[in-house]
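Going down the list, the sequences are from chains A and B.
Going by my numbering, the first residue of the first sequence is number 1, and it counts up by one from there.
Going by my numbering, the first residue of the second sequence is number 1001, and it counts up by one from there.
Hints were generated in silico from the structure; no laboratory data involved.
Source: prediction; values computed, not measured.
Honestly, I wouldn't trust all of these hints.
[Said to hold, decoys possible] Each pair of labels, with its calculated beta carbon distance range:
{"id": "1", "chain 1": "B", "residue 1": "1062", "chain 2": "A", "residue 2": "105", "range": "31 to 37 Å"}
{"id": "2", "chain 1": "A", "residue 1": "110", "chain 2": "B", "residue 2": "1045", "range": "22 to 28 Å"}
{"id": "3", "chain 1": "B", "residue 1": "1028", "chain 2": "A", "residue 2": "70", "range": "23 to 29 Å"}
{"id": "4", "chain 1": "B", "residue 1": "1107", "chain 2": "A", "residue 2": "43", "range": "27 to 33 Å"}
{"id": "5", "chain 1": "A", "residue 1": "56", "chain 2": "B", "residue 2": "1048", "range": "44 to 50 Å"}
{"id": "6", "chain 1": "B", "residue 1": "1023", "chain 2": "A", "residue 2": "76", "range": "16 to 22 Å"}
{"id": "7", "chain 1": "A", "residue 1": "107", "chain 2": "B", "residue 2": "1059", "range": "34 to 40 Å"}
{"id": "8", "chain 1": "A", "residue 1": "36", "chain 2": "B", "residue 2": "1102", "range": "20 to 26 Å"}
{"id": "9", "chain 1": "A", "residue 1": "48", "chain 2": "B", "residue 2": "1063", "range": "18 to 24 Å"}
{"id": "10", "chain 1": "A", "residue 1": "45", "chain 2": "B", "residue 2": "1045", "range": "40 to 46 Å"}
{"id": "11", "chain 1": "B", "residue 1": "1109", "chain 2": "A", "residue 2": "79", "range": "50 to 56 Å"}
{"id": "12", "chain 1": "B", "residue 1": "1108", "chain 2": "A", "residue 2": "76", "range": "53 to 59 Å"}
[Stated by the list, open to error] Using 20 Å as the maximum straight-line C-alpha spacing, the simulated SDA-like pairs for lysine to any residue come out as follows:
{"id": "13", "chain 1": "B", "residue 1": "1072", "chain 2": "A", "residue 2": "78"}
{"id": "14", "chain 1": "B", "residue 1": "1072", "chain 2": "B", "residue 2": "1033"}
{"id": "15", "chain 1": "B", "residue 1": "1045", "chain 2": "B", "residue 2": "1063"}
{"id": "16", "chain 1": "B", "residue 1": "1072", "chain 2": "A", "residue 2": "45"}
[Said to hold, decoys possible] Partial list, derived from the structure: chain A residues whose beta carbon lies under 8 Å from chain B:
{"id": "17", "residue": "59"}
{"id": "18", "residue": "83"}
{"id": "19", "residue": "86"}
{"id": "20", "residue": "90"}
{"id": "21", "residue": "94"}
Ideal placement from N, C-alpha and C gives every residue a C-beta, glycine not left out.
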Amino acid sequence: MRLNRSLHFIELLVAGFLIAALVTSCTAVQNPALEAARESYQKARRDPLIARNAGAALDRAEQTLQTADRIWTEEGDVAEVEHLSYIVEKRVEIARLIAERRSARDEMQQPRSSR
Amino acid sequence: MTIRLQDCSFVLVAIFCAGCSAREPSPTNRITQADIAIRAAVEAKAADFAPTELQSARDKLAQARRLMAADKYTEARRLAQSAQVDAELAEAKAETTVMRRAADQILRGADKPASEAERESRKPLVSQPQ
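Working from the sequences, and respecting the hints, build out all of it.
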């Protein structure tokens, strides 16, 4: 009787551990640097000036972001993902500067009468 | 059952080959690309308009070269890539600053009333009576 009760307790304990392990594996672990880079990229993607003037430059940031995402999901390589996140942040900054430059160029090329 | 020396050596060679194939290749191309990006940034006057970014790119490239010489290919590749993007940022910053200044100068010129000399120069040429 006592042995039966102990076995039942162990079964419950094992089941509890299994459920906890399942829940943990379902919750994706996030990398802070990657999430910050994603946020910078998404913010730039919503900016109409960048969309109009530096779409190709922002596409390069997106490609690097996708590579970082894949490496994080498949390999979990923290150093590589942090490195690629840095590259994404810089590429977003470059896209922003290119957009500003083209906007300044357009201002220069406008005829005086329309200013 | 006895394990022969030949069997062991075969396994060791197989492990060695697997290790070799997994090793990252030398990042020579990355270093060349970073070098080209730094030269382009210098051409774009990054030394004047984006000195911090340009210096960061130069420092990282120098460090990447040292790491490559020490056979630390992964770290060297990352630093070379990082140097390249820093140089590209320096170039973009310099080009944008130059363009913005030029645009501001033109816009200021457009708002300013024409000077006496400019008004004179716009007058049609009238032939003086003899």
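Broken hints, by number: Numbers 5, 8, 9, 10, 15, 16, 17 - these are the hints that the structure violates, sorted from lowest upward.
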